[in-house]
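> Read off the chains here:
4 protein chains.
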Amino acid sequence: MDYVYAPGKNHLFVPGPVNIPEPVLRAMNRNNEDYRSPAVPALTKTLLEDVKKIFKSTTGTTFLIPTTGTGAWESALTNTLSPGDRIVSFLIGQFSLLWIDQQQRLNFNVDVVESEWGQGANLDVLESKLAVDAGHTIKAICIVHNETATGVTNDLSKVRFLLDKYKHPALLLVDGVSSICALDFRMDEWGVDVALTGSQKALSLPTGLGIICASPKALEASKTSTSVKVFFDWKDYLKFYNLGTYWPYTPSIQLLYGLRAALDLLFEEGLDNVIARHSRLGKATRLAVEAWGLKNCTQKEEWFSDTVTAVLVPSYIDSSEIVKRAWKRYNLSLGLGLNKVAGKVFRIGHLGNLNELQLLGCLAGVEMILKDVGYPVKLGSGVAAASAYLQNSIPLIPSRI
Amino acid sequence: MDYVYAPGKNHLFVPGPVNIPEPVLRAMNRNNEDYRSPAVPALTKTLLEDVKKIFKSTTGTTFLIPTTGTGAWESALTNTLSPGDRIVSFLIGQFSLLWIDQQQRLNFNVDVVESEWGQGANLDVLESKLAVDAGHTIKAICIVHNETATGVTNDLSKVRFLLDKYKHPALLLVDGVSSICALDFRMDEWGVDVALTGSQKALSLPTGLGIICASPKALEASKTSTSVKVFFDWKDYLKFYNLGTYWPYTPSIQLLYGLRAALDLLFEEGLDNVIARHSRLGKATRLAVEAWGLKNCTQKEEWFSDTVTAVLVPSYIDSSEIVKRAWKRYNLSLGLGLNKVAGKVFRIGHLGNLNELQLLGCLAGVEMILKDVGYPVKLGSGVAAASAYLQNSIPLIPSRI
Amino acid sequence: MDYVYAPGKNHLFVPGPVNIPEPVLRAMNRNNEDYRSPAVPALTKTLLEDVKKIFKSTTGTTFLIPTTGTGAWESALTNTLSPGDRIVSFLIGQFSLLWIDQQQRLNFNVDVVESEWGQGANLDVLESKLAVDAGHTIKAICIVHNETATGVTNDLSKVRFLLDKYKHPALLLVDGVSSICALDFRMDEWGVDVALTGSQKALSLPTGLGIICASPKALEASKTSTSVKVFFDWKDYLKFYNLGTYWPYTPSIQLLYGLRAALDLLFEEGLDNVIARHSRLGKATRLAVEAWGLKNCTQKEEWFSDTVTAVLVPSYIDSSEIVKRAWKRYNLSLGLGLNKVAGKVFRIGHLGNLNELQLLGCLAGVEMILKDVGYPVKLGSGVAAASAYLQNSIPLIPSRI
Amino acid sequence: MDYVYAPGKNHLFVPGPVNIPEPVLRAMNRNNEDYRSPAVPALTKTLLEDVKKIFKSTTGTTFLIPTTGTGAWESALTNTLSPGDRIVSFLIGQFSLLWIDQQQRLNFNVDVVESEWGQGANLDVLESKLAVDAGHTIKAICIVHNETATGVTNDLSKVRFLLDKYKHPALLLVDGVSSICALDFRMDEWGVDVALTGSQKALSLPTGLGIICASPKALEASKTSTSVKVFFDWKDYLKFYNLGTYWPYTPSIQLLYGLRAALDLLFEEGLDNVIARHSRLGKATRLAVEAWGLKNCTQKEEWFSDTVTAVLVPSYIDSSEIVKRAWKRYNLSLGLGLNKVAGKVFRIGHLGNLNELQLLGCLAGVEMILKDVGYPVKLGSGVAAASAYLQNSIPLIPSRI
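Residue numbers (our numbering), protein chains in the order written: chain A, 200 to 600; chain B, 200 to 600; chain C, 200 to 600; chain D, 200 to 600.
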């Protein structure tokens, strides 16, 4: 089934699934185990505890659900809300759109706040809605921290600020799929009630774990939620947490050991260093885009994403051609433009287990592809701009000094 | 995290998750890939087609959902039925119990037909219900093919016979979690409408795929189902099937390649040979149990399961001690007795990628453990009985003749 | 290339290469590395130090040569001896024969002391030679600790006793290929001058490392040896040890990390526990052979080997048929009879990363094969005898209590 | 033992050991096997046959020896020559130096033809020696095809031309360690008598196989060679070839399956395409070096190597600092300058399983390091020069069109 073999490494620069570190691949290279033996609960206990750190939460309760980000969304919503509940939800790109679609199909009353794709969530509208909602009809605010389709990062602290300003009790539900473990994220400080990510994103694992952190307030809300759910029901998890066996149904043994290894690597590098590395990679990418004379789909600096950059191409170029070309000629995997920005942007994912030289190789590839498709780029220009910045910024590798 | 290390192989004889063959482990030992590249849809297409063969279906539509068996249950129910729909469901052990619990929590009107644990589904009661249901208030029959908690296999052809006898249009939904790929299963011939299994069972993969086959009638029913669902919604899959991109959300690249390898191995051995192998292992286990002077939890031969044997222990022994001892002293993983049969049975899982000498090693271990816990077993007696049968039954390995 | 696929685990009971533990496979699942980076010497240093422990030596110098046991033999001989040097060497089976062949082809003057195959080294003859060698014409005694072809273990302490008795300065060179890490071996206490093993034996790694420990006296001898060698020359190693870069040529990165993992597992289990486990497996095997009414090729208890048992078959049976049958029908790999005992014995290797239930599965298989080939064995008899002993001897697994 | 962990992939650009492709890692991720079962000889047979193709030989006999390149050298020499035989050998860098050292220590009479490091073999001197050797005292010409220390490729066809011109029967022994499978190599056409490589070079496997191809003339010579050898003796191999069991001692099962996968990948890509890829990578590297204003250690274009480039640094820079810095800051592994060129050159290995974007990432890294150590490089300049060439040269990936 490797019928699309190409020599050398695949340069994986989609914003997920991302590159898996070798130590994690090693940790997952194992037979199944009885998940009812004493070993698996002991392992699980360390995971549930340590995974809180990636949310910067000490008060949250964590769930490792055998599902994807879409399932994690569903779990966040159906455990904390009841059908008909009013949600304020921000539509700023394809993934917020999909979440809103889910919210609607789950029979919530979704109050959609739309922005142009390339802009962040319109918090002014949020404020105006909160200001007039003295009756607290808004039960939850749903927001993606980082919109993967456009490379837009929202300011969650401002959302919290507004909720506090109006003393509004709405739950704050956050999609952190392409942010957590890569961008600065502060569950407790920002009063996030449910935050979630998927294992195949910044944690750099295979797909298969929806990772959720719920605040005490979210847990409290879950007691009265009337949404119909079984597989995603937190109560079943909590029951088994109390029993000390942890699993209401069979987990993936491989992903548990993989998560253990992934967390160990994150903590060894240091979560703050991981975030700083993503910041370097994001900035370097944007400098290259600028040097190429292209525009970032993200319209203002305040929304720039350090995990994915959506690059606008001139109208005479179909960005899908760039992605196709990358794969066919350079063994480089880039992200397509989705929905409204299909054909208009291509995306460079720079999240997860990546380093600077990998990014520079990718940027050198993108330059050649741009030339391939007829854009008059100066070869080397993006790499020059990125490396001028990086050469002044990359620290020595702590373990090797 | 291998703090429970013991020398040699772990003898994994729980009825799931089961032993993964080396070629499958190898196939999964890989980095992530862009699932939107042309490679992944091409692979997926072969999987969706080939996986039908394990159901013995040519007319079904298959779904590979990133979930567990519990999620596959939910998908089967919520796609074909609407809240309030009447279901006839058979309670014969812990897993049918859990499925019924799910059916009830999903707001179906469940007509539970209970049997003593150790017996099969009471099809006489089914017949009596069908006989009086001229108005077709029964929308579905839900049945586990093989109850993993008690080692009971139900006769699905009889269920079909009854439905046909009464020309009843109820859907036939089958949990094949511990049967498909191991027991004789005939989706099309038996008129099963939805059948499902999990990757960590007879397919011998890690946990993470709920594998579902839906008949044309089930697909038709899914168009009018009003159950609330998004993650499990077949419509989203069908939309992407039509687009040729196949995935509404991110699949596990590793499990896709693993499934490819698992199917290749199954077809190389031959599905009928795989079933015959399970039949040998099941019979050998039962002969050993008999030689030990112990009783099978399954009360009649017609229900004997070829994938798991639940062994009743004398009342002066706690079967949990046997399982604990197996793990602590022999690196052998056996299944606990669950719920009503907790402490009363231990279970030997003999499904998935196993051969006869592995089973004999396990049986030799069980004999020693029985003696450890005070049961007056004659050491070697079970192995003698099992191997007397096996020595006359095991064929030469076709690839090695 | 898995065209000889058979379901389930291969039961690997040849006396090498042996089963590799999963943690070791994991450790070796990695890309190449620059062996001149600081990481590889740091790793190597720990290996050279820790590997001394498996020899029970504190004064020795160790070498990890990218070769096999045959190469390790050559390294031992050519570094310590000069062409024409007189060696007393014991011929007791195929591997001692091959070593003697090598000694002769390397132009040493080999004084062969032959025993019937199935007997140990004739130390009486050694004594008589030492007694009359006042001129110290004998430069070295070459002896296999455990003859893998016949399952005979020689008593090295007696050899040392004789050398001391006659104050003879001959070097003592020991092939520990199928003993070290499995049998009691005491380099320093027994005054062994060169001991060697191969990675694919009791260390349970892939083939590829010849592991050598040289006493100070052997190192001293190496300074004046005039044997021609380059690849195997210890001097090149010692030069790079002094430089702190350790490798005169490229090592296998994977085997180095694998050796690290293998040593970690050995030390976690405890070297004495490992030896005790081999003792249990050896005794259990011999009890089964006895129960079958068959004879051990090894003629006296004092020579019984705990790592391999050569079983004599009745003259009307060709033992090769047993080995062929094991592979073709039971996915069981047994050792052939070699040279003088070809067709007369088959061998059960019970060394390396194995546990008791694995052995019992193997013994159950051998019983069926014996019946297959027409030997009137009572099925279950060997397993019964072995497990009666094991049930009283196996300790709880320390990490799981 | 991953105490030197750094995020992202290690950029491995030493000229061996090189990057292992994922399919090869997968193929090697396996337990040991009985090498005397029918499976291993069947596999070996395909390997011995197919490996001839990488030498472009149909008449040669191949050997897969569990050793390194150093051992393969020794095998080539000791099987074809006898002590005292006169060899003409070219000293042009560290690896030819080491081979000559070996030749001398093996007691051959070595006629060393030295060139300045950075130049190729002086074939004029060879001609003058052949011209006067009417008595055929020269028994062999020993030459490295590609000197890894300086990045110099010798023209073997000229050596053959000279031998033919003078109708000289000397054997032609070629070290192809850093050339075979990467550079154009034509065993039969060039009348090479022994050619050899190591598995960790262009074949992109772990270290552990010395791979040798011997011409019929070399095999004939081996019959009369009086050099002392056992482990490296081809006769033992040939004996087991005739028996159909192939192995005189235990091979590495993992490397055999790995070699099978490596050959499959090479043939899938096409050997000529592999060579063309190396040619692209070599040229791109040299263009970058030129753009940086640095000199290639290789003095003339005719000797430029497509597998390794040794870059001369200005006298005020210690090239070791560059290598150290690469590892400590960029997770980039470069080759040190060795012996005479220590401190003066660093080496970029561009052989094995590599693609263009990987190289460009490396070059971008080298630029930053040059700046780090005080060389006034223009960032992006090397990448620009290399990618201008590559953008016009890289073909589409055949399997993906």
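Worth flagging that the hints you see were computed from the coordinates, not collected in a lab.
Incorrect hints may have been included.
Where chains are identical, the list cannot tell them apart; a pair therefore holds if satisfied intra-copy or between any two copies.
Here are the simulated lysine-lysine pairs, DSSO-like style, with alpha carbons at most 27 Å apart [unchecked claim]: (1) 570 / 482; (2) 539 / 434; (3) 494 / 577; (4) 482 / 577; (5) 422 / 255; (6) 255 / 539; (7) 527 / 251; (8) 482 / 255.
> Look at each hint and say if it fits the structure.
These are the hints, each one checked on the structure:
{"no.": "1", "hint": "570 / 482", "result": "both (23 Å within a copy, 20 Å between copies)"}
{"no.": "2", "hint": "539 / 434", "result": "between (39 Å within a copy, 22 Å between copies)"}
{"no.": "3", "hint": "494 / 577", "result": "both (16 Å within a copy, 25 Å between copies)"}
{"no.": "4", "hint": "482 / 577", "result": "both (20 Å within a copy, 20 Å between copies)"}
{"no.": "5", "hint": "422 / 255", "result": "within (24 Å within a copy, 43 Å between copies)"}
{"no.": "6", "hint": "255 / 539", "result": "neither (34 Å within a copy, 42 Å between copies)"}
{"no.": "7", "hint": "527 / 251", "result": "neither (40 Å within a copy, 31 Å between copies)"}
{"no.": "8", "hint": "482 / 255", "result": "within (24 Å within a copy, 49 Å between copies)"}
Checked against the numbered hints above, the structure violates hints 6, 7; every other hint is satisfied.
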